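S.K.: Those protein sequence lines, which keep their order, are chains A and B.
If you count the first sequence from 1, you need to add 664 to reach the numbering used here.
If you count the second sequence from 1, you need to add 664 to reach the numbering used here.
Think of the hints as simulated: they come from the structure by calculation, not from any bench.
Remember, it's a predicted structure, so these values are computed and weren't measured experimentally.
Heads up, some of the hints might be wrong.
Identical chains share a label here; the pair holds if one copy fits it or two copies do between them.
Claimed, not checked - Within a straight-line C-alpha distance of at most 30 Å, the following computed DSS-like cross-link-like pairs (lysine-lysine) qualify:
id	residue 1	residue 2
1	K841	K1033
2	K940	K1067
3	K1048	K762
4	K701	K762
5	K701	K675
6	K1067	K1033
7	K741	K774
8	K1020	K798
9	K675	K762
10	K733	K1020
11	K841	K741
12	K932	K774
13	K741	K963
14	K1048	K733
15	K798	K932
16	K762	K1020
17	K774	K701
18	K774	K675
Number of protein chains: 2
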Amino acid sequence: MNTLQPVEEIKQIQEGNILMPQGFKASGVHAGLRYSKKDVGIIFTDVPASAAAVYTQNVVQAAPINVTKDSIAVTGKLHGIVVNSACANACTGEQGLKDANEMRKLAALKFGLEDHSFAVASTGVIGEFMEMEKVRNGIEALQPENTPEAAEAFGTAILTTDIVTKSCGYETIIDGKTVKMGGAAKGSGMIHPNMATMLGFITTDAVIEPHDLQQALSSITNDTFNQITVDGDCSTNDMVLVLANGEANNEPLTPDHPEWSIFLELLKQTSENLAKQIAKDGEGATKLIEVNVHGMHTKQDSQMMAKTIVGSNLVKTAAFGADANWGRIIAAMGRSGVGFNPDQTTIVFGDIVVLKDGEPIMFSEEEAKAYLENESIIIHVYLKDGNESGTAWGCDLTYDYVKINGSYRS
Amino acid sequence: MNTLQPVEEIKQIQEGNILMPQGFKASGVHAGLRYSKKDVGIIFTDVPASAAAVYTQNVVQAAPINVTKDSIAVTGKLHGIVVNSACANACTGEQGLKDANEMRKLAALKFGLEDHSFAVASTGVIGEFMEMEKVRNGIEALQPENTPEAAEAFGTAILTTDIVTKSCGYETIIDGKTVKMGGAAKGSGMIHPNMATMLGFITTDAVIEPHDLQQALSSITNDTFNQITVDGDCSTNDMVLVLANGEANNEPLTPDHPEWSIFLELLKQTSENLAKQIAKDGEGATKLIEVNVHGMHTKQDSQMMAKTIVGSNLVKTAAFGADANWGRIIAAMGRSGVGFNPDQTTIVFGDIVVLKDGEPIMFSEEEAKAYLENESIIIHVYLKDGNESGTAWGCDLTYDYVKINGSYRS
């Protein structure tokens, strides 16, 4: 089911989370920004962590993005991140920047640290100002601990209208030391309009310098977080942040380290796991769709085509209707911007071949429908133009998507 | 309301259609390809007409597209076009090409003309073969006439699940002669899956050589048909065909003709009229959305930004919910691929300013909601980067879109 090659050395931890790696604490509280749910959270490590981040490519970037960039720019190390939901602090001008800076300062003061020790992330309504009195009280109330409950509290505090919290954990051996990695994320949901942000937070106790961590994160983002789509819209607040506090005491990981590829795989599996959880919990979604394109000249073309297919409203509605509608897939391929030969195209739902080398194949509509009613469906496209492949993940387009996003603000 | 400058010389004809220009006839019949509706149609002119066409940019192109290209390539002139609905004749290989060629031959034989006198267009299900016995009988039954009823019959025969027929007519004076132009179109609707084709047919009695007509059509397509979007998917069968039979007896129109710009404007108004009708009748749509972007360096950037905004699922659902949700607009702008300064952005719904130079403006939610409940809404975005502007048209995203496209094939 998974397109990654299994790597023996990496073990997924059931109910893993951001606090599995040594030395991390977290907290999440209800500060009143949301009606009744937790809305301010923190991740903290006593030992400063190497930090790496990737951000939204939207021209419009929210204030916390700028503050986080500033923090990381100073030494490349962080003691943690403070996060709020309900308000994105985007399109809020000077006041927004002032508020994001104050959040950072309050978090740092709490631990007697310098401002640049903290990153800031926000998710919620665009164009509204932060209710800073509530935020101040919220940050004051945070009590970071290393417990599963604390990890869950943080995971809840970063949600907007996600249905479920998203977390995972993995471990491996590097230099004979156990290295752990945990992740938490939120995805897209917007009963209250304008919320569509993807936030991902990854902790690890690996020893790695900021520069190498950034290289690792940048190298796997295009294959993981950048290959999911819920509705094609890209937020002003998207951020994925990795913190590596070095408590595992391995030899510093660099591209020359003999186990560098294991670390990359650890980061990739964590990222892909979170990315798929985000796609599956897309607004109104009932199922996860994975599209694999095989046999192109370049990986980039394969990925672009896969993402175009999984992002097509027509493919998404067909998936909702459990309809093995391959005409919509080939039409999406045709407008993906990637050249290919329709006469050498094979399309497979699960293991049901519906088009082979450009020729429609008779198949059982009942079997296809039964397959497409699963909570997780996989579509394979085979071409004969090369040896590269690419994968993308998305979700179906449902009545609930329209309901959630067509609702009035209140 | 209209972004075009009013041109005094061009008059819209109420209930105008493709048979207003002199010398054109049409017909539409029920051949049994659809359950009960008309499904085979023809446009015919005794005098051969200069022909020009633009086609889908999809890599996958249906058989009739190839046949039409072949016909026009011979002399640049056509006596007409034969069209069917229900079956797209796309992804049908050699058999599909044979069938499209036979349709052309049958139409030509009917009038004792050579094959290349006719173009062919199809719209409907992808990946199914034409029911040629029915098509043969249909073409046999066509009886072209010059009556409003015949125009309407043709307009009906080209529909798939469009709710309404789409037509318009204009006239002007060139060289002291009355020159008329009429149009018919179908847009996107897909109760039966895989139908998403845009077809546009424009007739005129202007005198103009094929080469100049093609230049005129190509020059206005990017501002009209290419600026509408229903769901971002682009069909295998899209085609816009213009026939100019010269019955108006004006001096041949060329770029050097003193009234060339009037002809361009005539073609542009006809095309824009049809394009807006298609957008308004998008699948499940309840309203037409027009987005105007002003103040960019280039027209192309303005158009790309306008189309990104009007194509955003989040903007489309907000329009459905009559929600003046400007955060979604600026977020769409930010991912449009066009650089701009968010702090110099002004957003206006109708005449209600919601963001001015990057600052949120207090506005009456009730007034905004009342405006957005209109059947036709206009969004203006003002930037300060240049003097160019661009417009795009689309429709809202509704429960009915999901219903129509999530239905099983039957």
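S.K.: Determine for every hint whether it applies to the structure shown.
M.R.: Status of the hints after comparison with the structure:
no.: 1; hint: K841 x K1033; verdict: neither (48 Å within a copy, 61 Å between copies)
no.: 2; hint: K940 x K1067; verdict: both (23 Å within a copy, 26 Å between copies)
no.: 3; hint: K1048 x K762; verdict: between (55 Å within a copy, 26 Å between copies)
no.: 4; hint: K701 x K762; verdict: within (25 Å within a copy, 64 Å between copies)
no.: 5; hint: K701 x K675; verdict: neither (33 Å within a copy, 61 Å between copies)
no.: 6; hint: K1067 x K1033; verdict: both (25 Å within a copy, 17 Å between copies)
no.: 7; hint: K741 x K774; verdict: within (18 Å within a copy, 80 Å between copies)
no.: 8; hint: K1020 x K798; verdict: between (60 Å within a copy, 28 Å between copies)
no.: 9; hint: K675 x K762; verdict: neither (43 Å within a copy, 57 Å between copies)
no.: 10; hint: K733 x K1020; verdict: between (49 Å within a copy, 28 Å between copies)
no.: 11; hint: K841 x K741; verdict: within (22 Å within a copy, 78 Å between copies)
no.: 12; hint: K932 x K774; verdict: neither (33 Å within a copy, 65 Å between copies)
no.: 13; hint: K741 x K963; verdict: neither (33 Å within a copy, 45 Å between copies)
no.: 14; hint: K1048 x K733; verdict: between (43 Å within a copy, 28 Å between copies)
no.: 15; hint: K798 x K932; verdict: neither (37 Å within a copy, 56 Å between copies)
no.: 16; hint: K762 x K1020; verdict: between (59 Å within a copy, 21 Å between copies)
no.: 17; hint: K774 x K701; verdict: within (23 Å within a copy, 73 Å between copies)
no.: 18; hint: K774 x K675; verdict: neither (36 Å within a copy, 73 Å between copies)
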